[in-house]
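*Asks:* Using the sequences provided together with the hints, build the complete structure.
According to the UniProt record's numbering, numbering within the sequence shown proceeds without interruption in unit steps and concludes at 157.
Just so you know, the hints here were simulated from the structure itself, not pulled from any lab data.
Ideal Cβ positions, reconstructed from N, Cα and C, are used throughout, including at glycine.
One or more hints might be untrue.
As the list claims (entries may be wrong) - Computed spacing ranges between beta-carbons, pair by pair:
#1 Pro94 / Met22: 17 to 27 Å
#2 Arg101 / Glu40: 19 to 29 Å
#3 Asn29 / Trp60: 16 to 26 Å
#4 Arg27 / Phe148: 18 to 28 Å
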Amino acid sequence: MADIHVEEFYKDVAIALVQLYMSFPRRVNLFVEDIAGPDEPDEFGLHSKRHMACFGALLWLSEEGLLRYVDTIRQEALDQAVLTREAFVRLSAPAPQALLRELSAVSNEPELPPSVQKDLSTYIHLLRSALKSGSSSRISLAVQSTFFNDSGLQPVH
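*Replies:* Dropping the structure here:
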């Protein structure tokens, strides 16, 4: 069983990448609250550990070369965030059929047009399907398969 903070990290990463993919190439503000849920700072103005973990995951994505942003909006959001070229290419790439079958992310209906079948076989579809399922193990596997395998992205320095 994975640590809960690692499962939350994978979910935060998946949600952020899907949001950025949906707006690509337009720059958007990426709000922590839209990813991790509402947060009420305490009487000292400090955010919850959950909020800060999500904010940390967003910063980590940038440090690893998966997204760029202009600035932070306090600890609330990344201002003008966009996927890097490497992240966009990887999310748009076809995922291995074995992985798609394992995660049941693609329909095997023969009547689907080839263009639809192609769209349903990408890593971004894999992430969307995993998020839709709500399964922590599917989300974790989808994120790991997309970015953390030998065939995934290498950090940009």
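*Asks:* If you test the structure against every hint from before, which numbers come out violated?
*Replies:* Violated hint: only 2; rest satisfied.
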